[in-house]
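Enquirer: The primary structure of each chain is shown beneath.
4 protein chains.
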Amino acid sequence: MLAGVTEHQHGYADHKDAHLRRLKRVEGQVRGIARMVEEDKYCIDVLTQVSAVTGALQTLALALLEEHMGSCVVDAAKAGDEQAKEKVAEASAAIARLVRS
Amino acid sequence: MLAGVTEHQHGYADHKDAHLRRLKRVEGQVRGIARMVEEDKYCIDVLTQVSAVTGALQTLALALLEEHMGSCVVDAAKAGDEQAKEKVAEASAAIARLVRS
Amino acid sequence: MLAGVTEHQHGYADHKDAHLRRLKRVEGQVRGIARMVEEDKYCIDVLTQVSAVTGALQTLALALLEEHMGSCVVDAAKAGDEQAKEKVAEASAAIARLVRS
Amino acid sequence: MLAGVTEHQHGYADHKDAHLRRLKRVEGQVRGIARMVEEDKYCIDVLTQVSAVTGALQTLALALLEEHMGSCVVDAAKAGDEQAKEKVAEASAAIARLVRS
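Protein chains in written order, with the numbering used here: chain L, 1 to 101; chain D, 1001 to 1101; chain H, 2001 to 2101; chain A, 3001 to 3101.
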């Protein structure tokens, strides 16, 4: 972006705006859930909204992960075996957290 | 059940404040993730935060569900078989959404 | 099953055959995955099968849970507050294990 | 890459025996669950076993995935951008199935 900057760009740089819009929407949904609890809405309806937010966050996480693999992991693979190994282990740990959360 | 009781109390009435505090914290975490994306933080660190929020929402959902079963489902069971059946089916659908989200 | 037995029937008694058929199918799928690994099949195809089995087990778990709530939890609710509380806590712990597994 | 190398080795080649042992154990656990259902064991105990099997399969899936990324995805990244893109998309779809199953 800046002259002379040869920095590694993160995987999600191209989709930053889409991610920020999604997070804005999630933030609004979380506030909506708080309002529902505040107004004593029916438990099951609150739960439906919680599942919707969890789903939206998972969609975001999967997108971030795909972009990360397509840039950081691929770049590491080209750079050498040690770097590749490190990035793969790191991505795998993130996937495990996602699967188990 | 008692004279003068106007409304069925939702399961989470006793823990309303705790839920609202948790949701406030989740809202702050979501804003924090947006800030990380805005500032081009490392993908894996963003993902770690997303998993933390998903985990917090799941803890909330499990608490809401337990409170719902302990009040609405139990009350329905006392009220009659038809009501019980309906509430159990409804709770099961909510659990399925949770497990699969 | 036996004359004079007034024992509490488990929730899944009515669907026992369906559950056993499903488990038989899952067992076959697991053996199929072992065969794929044995024959060095492509990782992604193995993973697709693992996800299919996980999904089948989750469907089974959700069915068992619904049957459990519709019988054991409902019966406990009719029996008294203490019993209800205990069964709800137990079911909630099982749901949490399911959501997090 | 090296002369004389006949075939691309799958990511899990090195851990084949460990995977087969794990699958053998899972198969035994599934048969154990069928036996529990057959013998009318308590629903919650059956559910605990189902969660254990689901957890074991997820551990297997995460291991397969890490090995896949460390070999097939890394090899594709070295081979060229098109190949890398394809493998990353394929791995991402597998991760999504895993997260949502």
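Derived by calculation from the structure, the hints in this document are not laboratory data. Wrong hints could be hidden among the right ones.
[To be verified] PhoX-like cross-link-like pairs, simulated, lysine-lysine; straight-line CA separation at most 25 Å:
1) Lys3041/A <-> Lys2041/H
2) Lys3085/A <-> Lys1041/D
3) Lys2085/H <-> Lys1085/D
4) Lys2016/H <-> Lys3041/A
5) Lys41/L <-> Lys1041/D
6) Lys2041/H <-> Lys2016/H
7) Lys1078/D <-> Lys41/L
8) Lys24/L <-> Lys1078/D
9) Lys1085/D <-> Lys2078/H
10) Lys1041/D <-> Lys1016/D
11) Lys3085/A <-> Lys78/L
12) Lys78/L <-> Lys1041/D
13) Lys85/L <-> Lys3085/A
14) Lys2016/H <-> Lys1085/D
15) Lys78/L <-> Lys3041/A
16) Lys16/L <-> Lys1085/D
17) Lys41/L <-> Lys1085/D
18) Lys2024/H <-> Lys3078/A
[Stated by the list, open to error] Just the calculated beta-carbon pair ranges, DEER-fashion:
19) Glu82/L <-> Gly2055/H: 32 to 38 Å
20) Glu1038/D <-> Ala79/L: 24 to 30 Å
21) Ala2093/H <-> Gly3080/A: 47 to 53 Å
22) Ala79/L <-> Lys1016/D: 50 to 56 Å
23) Gly3080/A <-> Lys2041/H: 46 to 52 Å
24) Ala1089/D <-> Ala3013/A: 45 to 51 Å
25) Arg2031/H <-> Glu82/L: 34 to 40 Å
26) Gln1083/D <-> Ala2093/H: 22 to 28 Å
27) Glu3039/A <-> Gln2083/H: 23 to 29 Å
28) Gln3083/A <-> Glu38/L: 49 to 55 Å
29) Lys3041/A <-> Glu86/L: 44 to 50 Å
30) Lys3016/A <-> Lys1016/D: 50 to 56 Å
[What the hints assert, rightly or not] Just so you have them, the derived chain D footprint on chain H, three or more residues with Cβ under 8 Å:
31) 2011-2022
32) 2033-2039
33) 2043-2050
No experiment lies behind these values; they were computed from the predicted model shown. The C-beta atom is built at its ideal place from N, Cα and C for all residues, glycine as well.
Enquirer: All hints, please: hold or fail.
Expert: Verification of the supplied hints:
For the given pair, lysine 3041/A sits about 37 Å from lysine 2041/H by alpha-carbon distance, which is inconsistent with the 25 Å threshold. With a CA separation close to 23 Å, the supplied pair lysine 3085/A and lysine 1041/D stays within the 25 Å bound. Note on lysine 2085/H and lysine 1085/D: the hinted pairing holds, with a Cα-Cα distance of about 19 Å set against a maximum of 25 Å. Between lysine 2016/H and lysine 3041/A, the direct Cα distance comes to roughly 11 Å. Compliance with the 25 Å bound is thereby established for this hinted pair.
With a C-alpha separation of about 37 Å, the suggested pair lysine 41/L and lysine 1041/D falls outside the 25 Å cut-off, and the hint is violated. Between lysine 2041/H and lysine 2016/H the alpha-carbon distance is near 34 Å, which puts this suggested pair outside the 25 Å criterion. Only pairs whose Cα atoms come within 25 Å are accepted, and lysine 1078/D paired with lysine 41/L is accepted, the gap being roughly 22 Å. Between lysine 24/L and lysine 1078/D the alpha-carbon distance is near 43 Å, which puts this suggested pair outside the 25 Å criterion.
Proposed proximity of lysine 1085/D and lysine 2078/H is supported: the alpha carbons are some 14 Å apart, at most 25 Å. A threshold of 25 Å between alpha carbons decides the hint, and for lysine 1041/D with lysine 1016/D the separation of about 34 Å lies outside it, so the pair is violated. About 14 Å separates the Cα atoms of lysine 3085/A and lysine 78/L, which keeps this hinted pair within 25 Å; it holds. Only pairs whose Cα atoms come within 25 Å are accepted, and lysine 78/L paired with lysine 1041/D is accepted, the gap being roughly 22 Å.
For the hint linking lysine 85/L to lysine 3085/A, the alpha-carbon distance of about 19 Å falls within 25 Å, and the restraint holds. A hinted pair counts as satisfied when its Cα atoms are at most 25 Å apart, and lysine 2016/H with lysine 1085/D qualifies at roughly 19 Å. This hinted pair does not check out: lysine 78/L and lysine 3041/A have alpha carbons roughly 55 Å apart, beyond 25 Å. Between lysine 16/L and lysine 1085/D the alpha-carbon distance is near 47 Å, which puts this suggested pair outside the 25 Å criterion.
Restraint check for lysine 41/L and lysine 1085/D: satisfied, since their Cα atoms lie roughly 21 Å apart, inside the 25 Å limit. Between lysine 2024/H and lysine 3078/A, the direct Cα distance comes to roughly 43 Å. Violation of the 25 Å bound is thereby established for this hinted pair. For the hinted restraint 32 to 38 Å between glutamate 82/L and glycine 2055/H, the CB-CB distance of approximately 37 Å keeps it satisfied. Between glutamate 1038/D and alanine 79/L the beta carbon distance is about 27 Å. The supplied range of 24 to 30 Å therefore holds.
For the hinted restraint 47 to 53 Å between alanine 2093/H and glycine 3080/A, the CB-CB distance of approximately 51 Å keeps it satisfied. For the pair alanine 79/L and lysine 1016/D, the supplied restraint of 50 to 56 Å holds, since their beta-carbon distance comes to about 53 Å. Distance hint check for glycine 3080/A and lysine 2041/H: the Cβ-Cβ separation is about 25 Å, which falls outside the suggested range of 46 to 52 Å. Separated by about 47 Å at the C-beta atoms, alanine 1089/D and alanine 3013/A satisfy the suggested range of 45 to 51 Å.
The hinted window of 34 to 40 Å between arginine 2031/H and glutamate 82/L holds, with their beta carbons roughly 38 Å apart. A C-beta distance of roughly 25 Å is found between glutamine 1083/D and alanine 2093/H, which places it inside the suggested range of 22 to 28 Å. Under the hint 23 to 29 Å, the C-beta atoms of glutamate 3039/A and glutamine 2083/H, about 24 Å apart, fit the expected range. Between glutamine 3083/A and glutamate 38/L the CB atoms are about 53 Å apart, so this pair conforms to the stated range of 49 to 55 Å.
A hinted range of 44 to 50 Å for the beta carbons of lysine 3041/A and glutamate 86/L is consistent with their spacing of about 46 Å. Taking the beta carbon of each, lysine 3016/A and lysine 1016/D are about 53 Å apart, inside 50 to 56 Å as hinted. Only residues whose C-beta sits within less than 8 Å of a C-beta in chain D count toward coverage, and the stretch 2011-2022 of chain H has 0 of them, not enough to reach three; the restraint is violated. For the stretch 2033-2039 of chain H, the proposed coverage by chain D is not satisfied: 0 residues have a C-beta within less than 8 Å of a C-beta in that chain, short of the threshold of three.
Given a C-beta distance limit of less than 8 Å, the hint that chain D covers the stretch 2043-2050 of chain H is violated, as 0 residues qualify and 3 are needed.
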